[in-house]
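Enquirer: Protein chains in written order, with this note's numbering: chain A, 1 to 111; chain B, 1 to 113.
Source of the hints: derived by calculation from the structure; they are not laboratory data.
Some clues are possibly wrong.
Calculated Cβ distances over 10 Å to all of chain B for the following chain A residues [as the list claims (entries may be wrong)]: (1) Asp55; (2) Ser69; (3) Glu97; (4) Gly102.
Here are the computed lysine-lysine pairs in the BS3-like style, where the Cα-Cα straight-line distance is at most 25 Å [what the hints assert, rightly or not]: (5) B:Lys9 x B:Lys57; (6) A:Lys98 x B:Lys14; (7) B:Lys9 x B:Lys44; (8) B:Lys57 x A:Lys98; (9) A:Lys98 x B:Lys44; (10) B:Lys44 x A:Lys42.
Glycine is no exception: its CB is placed at the ideal position from the N, C-alpha and C atoms.
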Amino acid sequence: QKEVEQNSGPLSVPEGAIASLNCTYSDRGSQSFFWYRQYSGKSPELIMFIYSNGDKEDGRFTAQLNKASQYVSLLIRDSQPSDSATYLCAVKHFGNEKLTFGTGTRLTIIP
Amino acid sequence: NAGVTQTPKFRILKIGQSMTLQCTQDMNHNYMYWYRQDPGMGLKLIYYSVGAGITDKGEVPNGYNVSRSTTEDFPLRLELAAPSQTSVYFCASSYRDRQEPQHFGDGTRLSIL
Numbered sequence: 001q002k003e004v005e006q007n008s009g010p011l012s013v014p015e016g017a018i019a020s021l022n023c024t025y026s027d028r029g030s031q032s033f034f035w036y037r038q039y040s041g042k043s044p045e046l047i048m049f050i051y052s053n054g055d056k057e058d059g060r061f062t063a064q065l066n067k068a069s070q071y072v073s074l075l076i077r078d079s080q081p082s083d084s085a086t087y088l089c090a091v092k093h094f095g096n097e098k099l100t101f102g103t104g105t106r107l108t109i110i111p
Numbered sequence: 001n002a003g004v005t006q007t008p009k010f011r012i013l014k015i016g017q018s019m020t021l022q023c024t025q026d027m028n029h030n031y032m033y034w035y036r037q038d039p040g041m042g043l044k045l046i047y048y049s050v051g052a053g054i055t056d057k058g059e060v061p062n063g064y065n066v067s068r069s070t071t072e073d074f075p076l077r078l079e080l081a082a083p084s085q086t087s088v089y090f091c092a093s094s095y096r097d098r099q100e101p102q103h104f105g106d107g108t109r110l111s112i113l
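Start from the sequences and build out the full structure, keeping to the hints where you can.
Expert: And the structure:
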């Protein structure tokens, strides 16, 4: 069983719409959750992190965490073509220095 | 502000050759990591270090070695290159805190022919 699961996509969203990216994790001891964006041929860059249940907003991005359901999501409002990338979900476990990454969801914003 | 610097950016090796991928960070981070990413796949942890003189295996350590003699540097060594090691290699670093993200270098694209 994969520890961090993401739908690989591709997920196609019209420009200006809301893109919703989902991630589930198996370890209930997980305590911190990160979303990275990776453009083709580039390195991952941090978009947001969240560690408390609920929503966290930063500009057009909102991260949502539900620890009871072991579910974390990323919403991108007013999607732009520049948002087209692969989005990686990463989970840090309690007392563990390592991140576990999902395989990523490829997002395409259609102009 | 350099952040995490990896060299070289590209390299082609012949089967059986050896090489060292360099990684240095100037953020005074305690933790450093090496990942590999195969096409269309996520990141797999090769080795990591929580401080100078301390290293530990990740998910896919076979065929690799690391050392951490200083806080800044964390080189990755390939001793006998094999085609299965063709990949993109990323070095990352972070502070010791649950909220701290990992910061990535630009990667090294390695081909073994």
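Enquirer: Hint by hint, note whether the structure agrees.
Expert: To see whether the hints hold, each was checked on the structure:
1. Asp55: 17 Å, holds
2. Ser69: The claim holds: A:Ser69 sits with its nearest Cβ about 21 Å from chain B, beyond 10 Å.
3. Glu97: 6 Å, violated
4. Gly102: At roughly 6 Å from the nearest Cβ of chain B, A:Gly102 sits no farther out than 10 Å, so the non-interface label is violated.
5. B:Lys9 x B:Lys57: 24 Å, holds
6. A:Lys98 x B:Lys14: Roughly 32 Å between the alpha carbons, so the hint for A:Lys98 and B:Lys14 is violated.
7. B:Lys9 x B:Lys44: Judged against 25 Å, a Cα distance of about 19 Å means the pair holds.
8. B:Lys57 x A:Lys98: Distance ~11 Å between B:Lys57 and A:Lys98 Cα, so the pair holds.
9. A:Lys98 x B:Lys44: 11 Å, holds
10. B:Lys44 x A:Lys42: 16 Å, holds
Against the hints set out earlier in the document, violations occur for numbers 3, 4, 6.
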